[in-house]
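Engineer: Sequences listed follow chains A and B, in order.
Under the numbering used here, think of the first position of the first sequence as 162, with each following residue one higher.
Under the numbering used here, think of the first position of the second sequence as 46, with each following residue one higher.
Note that these hints are calculated values from the structure, not bench results.
As the structure is a prediction and not an experimental result, all values here were calculated from the model.
Check each hint, because a few of them may be wrong.
If the Cβ cut is set under 8 Å, some of the chain A residues that face chain B in the computed set are [to be verified]:
{"id": "1", "residue": "Q305"}
{"id": "2", "residue": "V343"}
{"id": "3", "residue": "Q346"}
{"id": "4", "residue": "L350"}
{"id": "5", "residue": "A409"}
{"id": "6", "residue": "P415"}
{"id": "7", "residue": "R418"}
With beta-carbon atoms standing in for the labels, derived distance ranges [claimed, not checked]:
{"id": "8", "chain 1": "B", "residue 1": "D310", "chain 2": "A", "residue 2": "D255", "range": "53 to 63 Å"}
{"id": "9", "chain 1": "B", "residue 1": "P190", "chain 2": "A", "residue 2": "K180", "range": "16 to 26 Å"}
{"id": "10", "chain 1": "A", "residue 1": "S434", "chain 2": "B", "residue 2": "T325", "range": "41 to 51 Å"}
{"id": "11", "chain 1": "A", "residue 1": "R195", "chain 2": "B", "residue 2": "D56", "range": "57 to 67 Å"}
{"id": "12", "chain 1": "B", "residue 1": "K127", "chain 2": "A", "residue 2": "D255", "range": "33 to 43 Å"}
{"id": "13", "chain 1": "A", "residue 1": "E467", "chain 2": "B", "residue 2": "D310", "range": "12 to 22 Å"}
{"id": "14", "chain 1": "A", "residue 1": "N478", "chain 2": "B", "residue 2": "A173", "range": "49 to 59 Å"}
{"id": "15", "chain 1": "B", "residue 1": "T67", "chain 2": "A", "residue 2": "R195", "range": "45 to 55 Å"}
We put the CB at the ideal spot given by N, CA and C, even for glycine.
Listed below, chain by chain, are the residues.
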Amino acid sequence: MQEKLLEVRNLKKYFNTKKGLLHAVDDVNFYINRGETLGLVGESGCGKSTTGRVVLRLLEATGGEIIFEGSDILQYDKYQMREMRKQMQIVFQDPFASLNPRMSVSEIIAEPLVVNKVFSNRKEMQARVKELMETVGLAERLTQTYPHELDGGRRQRIGIARALALRPKFIVQDEPVSALDVSIQAQILNLMADLQKEFGLTYLFISHDLSVVKHVSDRIAVMYLGKIVELSDYKSMFKDPKHPYTQALLSAIPVPRIDIQRERVLLEGDVPSPINPPDGCRFYGRCRYRQDICKETTPELKNIGEDRFVACHFTNNLKAAVK
Amino acid sequence: MKDNNLLEIKDLTIHYITNDGTVRAVENMNLEIGKGETLGLVGETGAGKTTTALGIMQLVPDPPGKIVGGEIIFEGENLIGKSHAELRRIRGNKISMIFQDPMTSLNPVMTVGDQIAEVIKLHQKSNAKDALEKAKEMLTRVGIPAERSKEYPHQFSGGMRQRVVIAIALACNPTLLIADEPTTALDVTIQAQVLDLMKKLKDEYKTSMIMITHDLGIVAEVCDKVAIMYAGNVIEYTDKNRLFKDPKHPYTIGLFNSIPDIEEDEDRLKPIKGLMPDPTDLPSGCPFHPRCDKATAICAEKAPQNTEIEPGHFVKCLLFEA
Ligand SMILES: Nc1ncnc2c1ncn2[C@@H]1O[C@H](COP(=O)(O)OP(=O)(O)OP(=O)(O)O)[C@@H](O)[C@H]1O
Ligand SMILES: Nc1ncnc2c1ncn2[C@@H]1O[C@H](COP(=O)(O)OP(=O)(O)OP(=O)(O)O)[C@@H](O)[C@H]1O
Ligand code: SF4
Ligand SMILES: [Mg+2]
Ligand SMILES: [Mg+2]
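With the rest of the complex left out, here is chain B (with noise of 0.2 Å):
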């Protein structure tokens, strides 16, 4: 393991074995995180995205979920293969995850500072009284006031409660914070609320991150490196000048042509052609042959190899192997 490393991930596998064939969620994934590092991991439905974040936590669901094969090393250690109640002391404490949707993540007979003080008492042998201090100066730090505390979830709104959800998350100052889509279902001007939120935590607790989004304008914003997922692979991974500057994927440079440029007038998009692929019959190859322009006809072929065309910049596709 590299020494300024978190968490590294190799050749990970995860499949869902459904009665309709096998998905294969998340295919050979190599990545790694740097101590306080802020990686994004972008793709669109069904990419492989949340998996990846379950796999990370231990808590694919099994069945129907299998991981196929791969390590998870995370301070050093597999994470793969540890006990449950190794891995309970590590999820919370050292990983914590800020899920999909807020609301079920709350719980909603509970007040929010009985919930935040609840993680604290679980994870750091503090007595009540303790913990319910800390949670009332975890709630003033993500600017929601300590005499809320008494409230429940539904008298706040969407914004101020995916603050409670990340106040509960950073609770136990976690080493690792892994954000599946945190602003997704909020309002562009609460979302910058959170956001820069969010990235004052992390520079104030030095915490390392994984920031789900498919949206690459938040990436700009809050991230140092990005993987790009498409059909279970993550097809591009860099830092994210270069992907920004120097995407080499088709499959990158068609996801930037998609969105509108708020900077410059266009008068059309340039689309990705067809479809997302059948997760349970992916196409032969390059599972992105079909939709590709640059596709010839190895593509449908050969499976592209991970491959790094310069260092630090890794690319899955047919043509950037020697």
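So here's chain A without its partners, still in its complex pose (with noise of 0.2 Å):
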């Protein structure tokens, strides 16, 4: 039996916007077990980052639970708050933006160490950080080097090994191969999954990269303006998508490949506004599907069976739903 490392029930997180109440992350629900990674993806600002940093409490939470090893960390005080944030990391997409450009390379790794006064003694945190930065492939001449004098492949080898730094449970990643190209990417993608293995790491791992998604998740949660439209193991997503959109995101991808033709479904428009939205589907205006019931009542994300989520009035019973 899998054991579920972190859960999160109707988590909610809205920012007041001038324009009114921006639902960004909107009644979300997912658990990831341990040891796995789940994916999170979806189009430009429909919530990713800011789910991840709600889950990581870098964000307070409009409402919800967070589930971690049990407890409801958004119960968590200030001083339970930073004991667990040991536990929990996270990777950005820009390593540049997400690095201090003033302090060398060993001194941004040993940075949590010494906020966390991990170690007394001056020797075994530098050990700890050449430790660090062995384990993800960062040559020793580098220790006194500046951000700004490294490729991105490396500084974003600089901002996992901060992560790790305190020998986390779980590690958010936000993007982080996005900015790379792909040769380099490659590299990083086998480094990450060499660490989860070795130190058991569990994943949070957001793109909009579906290959990339693909490749690195045990499952995949879609998002679409604020909510989760499908979730389910990654094979079978692949496979056979039920949600209307995660269909036409995945017809979407351009394969690099020649010998196989894939159809493909064109979506009328564009991601309505997440201010205020209205009731009902959010993906009811680009629906190829949609009937009345779908503007007026929000589908509820059901589990469809074999542990696939999925939030559609009509799952599974698409064609009957064609005018």
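The task is to assemble the complex, starting from two chains supplied on their own in separate frames and drawing on the hints.
Structural biologist: Encoded structure:
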């Protein structure tokens, strides 16, 4: 029996904006088993990063529960949370923007160790930094260099080393390879897979690149406008996507092969505004199967068997929905 | 010049002379584009794709850029050495370009209708009223209702802005369209819309196109021929089918191995080892040799020549030199 490391229930994050309440994350539910990778995909602005940040309490949730190893961390006070943080880390997309330019590589990696007073002895700390650099494949000669002197791949390795410093159980990977060239991207993806195996890490892997997400994930959640519309193991999702949005999304991927012709579902229009969204299915305006009920009632994310979850009134029955 | 060719690039070499040294952005490039044909120009950051495009447009910033040598034969005439006036007539009229960042090519304080109309007026000697009519027609073509012609770029989503940029680029019915990563900033479903639109318009107008991209998926979808660039060199150049079925250059093979295969399960990716070289200090011999699995001692010494390994299939690699 697999054990849930993290479970998110009815998670909400709304932002107050001049134009109204922006529903960035709206009643999201998912869990991640220990040692697995949950991929979180969806288009720009659908709420992926906000979800990742709220789960780590880098942003305060508007509502919901975040159960980590059995307890709701939203109930934790500042001191409990400080301890908790050691278990939960994040790696960002833009390694350049997230690294302090005035700190050397070793200082950046050591920072969480210093802040959390992990070592009383300087030598021990240096040894740990050296070990971390080795773990992520950074040459020792780079210890005293600065982030701007390094290429994107190495900067991302620094970000990963820093995230590993406190021996976390869980890491949110927010577009960790999106800024990298494909040849470097592959190196970093392999590194993250090795680290996961070696340290038993659990990942929430955020990306808009579906080929990458499919490669790294055990299960995948598809988000649209603040909501999860489909969640299932990666194989079933790619073989037989159930939600009309997932179908369109997967069919839109340009596949670097000429021997396979895939049928494309072209979507009309653009993603609507997340500010004060109306009732009903968020995908209503772009869905080719829509019916009146879709406009009136918000579809729940329902278990349709075999641990697959879909939020659509016509799951398994899309053909019947065509007028 | 071959009959069906619209553009022939011969031995084109472009350098940037900087304080840190000389960047060999494009080295001895040879490419041909036929009428109505689409060439994919593929490579990672800094490979020289945008510089190639700027070279064809004769817009390489000088200084620091310098066209060191070669010819760019467009419709039978060498563009290098043409006067500013002649070039201005060709750009926009016959060759137009979609730049890497769509926002930089739109004027934020002018309505999109006026922006398209202006290009038409400039290049087709039509009056203001006709130009605006034509502009509205172009907008409809790219799937934007004509009545939105009075709106400003910020009122449009990213995908719509990119469609406006395409409308501007196609407004004068160019014979050659150069699109520099036209969909990189867009979400996949919007990218699919835009690519679909570009394909349709291209077929309708019989436009030739250079599609600059780092995405082999896009190449598979829209291109007829492909040139793969590494550190300023076209290291492999052939038709799409051959490139996908039987890639030859170790770098091309490495690129294919680096991308996760969406159709199959694979445990590990096979990345290309090492890092991009310093552009001002490229490795000796073959610039790819420090990262190449197949490299032998000679690869560090001798620069590979462009070799035609079978008719229409060019590879720059010592493994293929007799
Ligand atoms: N601090 C904030 N204040 C107001 N709105 C915000 C804030 N942060 C995010 N948003 C909005 O919340 C929504 C979700 O944003 P988020 O960054 O989570 O999206 P994302 O899925 O990560 O997108 P991307 O793929 O572009 O990174 C967007 O509409 C965004 O504009
Ligand atoms: N104005 C400039 N001055 C000096 N060097 C330049 C200039 N423009 C480009 N370069 C250099 O020339 C090389 C080729 O750059 P180019 O922009 O053509 O690459 P690219 O293939 O378009 O890359 P990308 O995928 O990042 O857009 C790079 O090393 C780049 O740093
Ligand atoms: S010339 Fe040598 S180093 Fe360059 S790609 Fe061919 S085998 Fe590799
Ligand atoms: Mg994000
Ligand atoms: Mg470029």
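Engineer: Which of the stated hints cannot be reconciled with the structure, identified by number in ascending sequence?
Structural biologist: Those not satisfied are hints 1 and 8.
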